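Asks: Sequence:
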Amino acid sequence: MSLVHVSDDEYTDESGAFGSTDEETLKINKETICKIQVEGAASEDGRTPSIWDTFAHAGNLPDKSNGDIACDHYHKYKEDVQLMAKTGLEAYRFSISWSRLIPNGRGAVNPKGLSYYNSLIDEFIIHGIQPHVTLFHYDTPQALEDEYGGWLGTKIVQDFTAYADVCFKEFGDRVLHWSTLNEPNVFALGGYDLGFFPPQRCSSPFAVNCTVGNSTVEPYNVAHNCLLAHASAARLYKQKYQKKQHGLIGLNIFAYWLVPLTNTTEDVTATQRATDFYIGWFINPLVFGDYPEIVKMNAGSRIPLFDLHESELVKGSYDFIGLNHYNTLYVKDDLDSLKTYQRDLLGDMAVKLTGLQTVPAFLMEHLGYKIKMRYSCLTGMELNWYSLFTLAKGGSSIGDNILLTKACTLYPTTNKSSWQPIKAREL
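Position 259 of the sequence shown, counted from 1, bears residue number 259 in the working numbering, the numbering being contiguous throughout.
For the record, the hints were derived by calculation from the structure and aren't laboratory data.
Small disclaimer: the values here were computed from a predicted structure and weren't measured.
One or more of the hints may lead you astray.
[To be verified] The calculated lysine-lysine pairs, modelled on DSSO-like cross-linking and capped at a C-alpha distance of 27 Å, are: (1) 296 <-> 169; (2) 238 <-> 315; (3) 112 <-> 78; (4) 169 <-> 238; (5) 76 <-> 169; (6) 155 <-> 296.
Using the sequences and the accompanying hints, generate a full structural model.
Replies: Structure representation (structure tokens):
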């Protein structure tokens with residue numbers, strides 16, 4: 001299986017505070033990975049299929065690969081962790097396979113799955129590596145997908161919270177950093193609008209590789225349930241576990257940094273609109289308790305609204321928000337798309353996006369360029385939402401199947417919106 005290996009950069013100290021300027025406290029070399037990419041043992045020891053298994057076995061990946069074996073981390077985790085320790089790794093963010101821990105998606109816990117994750121976490125602790133856990137990384141148990149449509153159904157909130165409860169109870173004495181969801185904005189778009197991710201739901205004319213789905217409404221419904229599930233799990237953690245376990249909980253959002261193609265008022269306004277749709281779609285409810293006004297206006301009746309209880313549940317339901325930033329796009333205004341009666345989220349956004357193809361590849365990959373874009377991304381997020389952000393994931397490609405990982409450590413100064421690069425090295 002062709003894998004992409006990325007580097008995570010963590011910018012908060014152990015308490016999650018920004019007040020300290022102690023470089024040694026703030027500096028963490030961190031890696032991240034998704035279980036479907038590395039774990040393997042897809043049908044061993046009680047694990048049942050996830051939607052990623054179904055998607056891959058249907059031949060939907062370009063190289064027709066699947067996660068049945070992957071890196072065989074399930075069997076080789078001890079030697080893997082030893083290698084991590086030799087590189088000087090200080091933290092590792094990994095996802096738990098929901099369908100390994102709770103094979104039916106709800107109900108009985110799989111003892112062998114529980115034993116595996118306990119052993120894995122203990123191995124990290126033994127080698128001085130902080131385990132950071134992601135609860136959901138695009139791998140809904142197929143059993144729940146079949147029963148009620150997975151994240152399209154409101155039952156997912158209760159089932160996800162129960163799954164999270166098991167994780168907090170069993171692993172929270174050693175895990176102090178929890179991400180409920182990884183890139184739910186990509187999951188909603190890729191899985192329910194464009195159909196290039198599982199569960200591969202979409203509709204024409206927005207995508208043509210799906211047999212079921214509705215691209216005009218399903219991404220909004222899935223995002224809504226993702227936010228409610230995150231908030232429910234976060235509230236549970238804060239009320240039941242945080243005081244005793246002293247951990248932090250949040251989630252990770254995929255964050256393009258968006259730049260106006262020109263300095264015209266139209267393109268500048270379009271850039272803010274695109275930011276509201278791509279990022280504010282999730283961050284605005286977390287910070288303010290509601291979707292951005294432009295998102296609600298352009299989506300109209302196709303986007304579900306929060307009632308008062310839901311708004312209060314979602315607002316402030318995090319200790320941190322992680323930004324997974326890989327690249328930057330130019331934005332051009334395209335209000336004509338709003339004249340189309342049938343629209344998906346990208347049509348509602350009413351922009352045209354252009355990659356930075358005009359910048360030579362070697363310059364794009366230059367570390368200074370990456371630092372500048374990440375600096376812009378972080379400060380821009382804080383100026384928009386006045387909240388606590390960490391750059392959770394980033395990487396640099398140097399070929400079709402190779403990715404050069406760079407740990408770029410930034411620290412916050414006493415001015416929360418001012419970030420300075422202090423160290424960069426290749427792992």
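Asks: Return the numbers of the hints above that this structure violates; sort them in rising order.
Replies: Number 1 only.
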